[in-house]
Amino acid sequence: AQSVTQPDIHITVSEGASLELRCNYSYGATPYLFWYVQSPGQGLQLLLKYFSGDTLVQGIKGFEAEFKRSQSSFNLRKPSVHWSDAAEYFCAAFDRGSTLGRLYFGRGTQLTVWP
Amino acid sequence: DAGITQSPRHKVTETGTPVTLRCHQTENHRYMYWYRQDPGHGLRLIHYSYGVKDTDKGEVSDGYSVSRSKTEDFLLTLESATSSQTSVYFCATERGLAGGTQETQYFGPGTRLLVL
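For the record, the sequence lines run as chains G and Y.
Residue 99 in the numbering used here sits at position 108 of the first sequence; the count goes up by one each step and never skips.
Here the numbering used here = 1-based position in the second sequence + 705.
Mixed in with the good hints, there may be bad ones.
Computed Cβ-Cβ distance ranges for the label pairs, DEER-style [to be verified]:
id	chain 1	residue 1	chain 2	residue 2	range
1	G	I51	Y	G745	19 to 29 Å
2	Y	L821	G	G44	43 to 53 Å
3	G	G53	Y	E732	41 to 51 Å
4	Y	E784	G	L47	38 to 48 Å
5	Y	P713	G	P31	16 to 26 Å
6	Y	S770	G	S9	20 to 30 Å
Keep in mind the hints are simulated off the structure, nothing from the lab.
Small disclaimer: the values here were computed from a predicted structure and weren't measured.
Glycine residues also receive a C-beta, built at the ideal position from the N, C-alpha and C atoms.
Throw the hints in and build the complete structure from the sequences for me.
Printed below as a string of structure tokens:
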């Protein structure tokens, strides 16, 4: 079955430290891949997406993600975390083989930032 | 963002009552989706629409129905609300490219529903 896995339920980092959030997908072909962020009480905001081409994609708020086909991964990174980055992060994948849009979401990673 | 609004933003209701949630978009996006978000489950697809009057079930559709009579509106109805339907409900839209290729989904602010 198609799935998206975020192995870390909760991550805590200090402000200014680097960050990497993990995401793995299971599909036969390369899916479209997304990272969304959700602040408390808010909807989901798109951070970045990968459809094809350069495997390192840049997003908003200083985030980037790297697609690695050999590892079926799409990890999100930020070199220096700010307190305002505290939120929940969701990885999602869309199977290119399906005829109608359907995103598969991971269960999310909650990020806490210590001052 | 796709100019998505959801109403109501918060609702408390009793078990057994029908509830309708509304999603409205102003971008003329073809595809619309309803998700529910529960702790530890991420977002799960309830129903989606690929055009006016064209809808289909997602992975957690039992107890829910939808309607789309206009491009801009997508209604989610809980036919007889149960406590297990207490959740946060998100609407999403997607432009839909020529040839049916999908791209980015944009999300509304959510509706918090409590079923007592």
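Review point. Quick check: which numbered hints come out false for this structure?
Key: 3, 6
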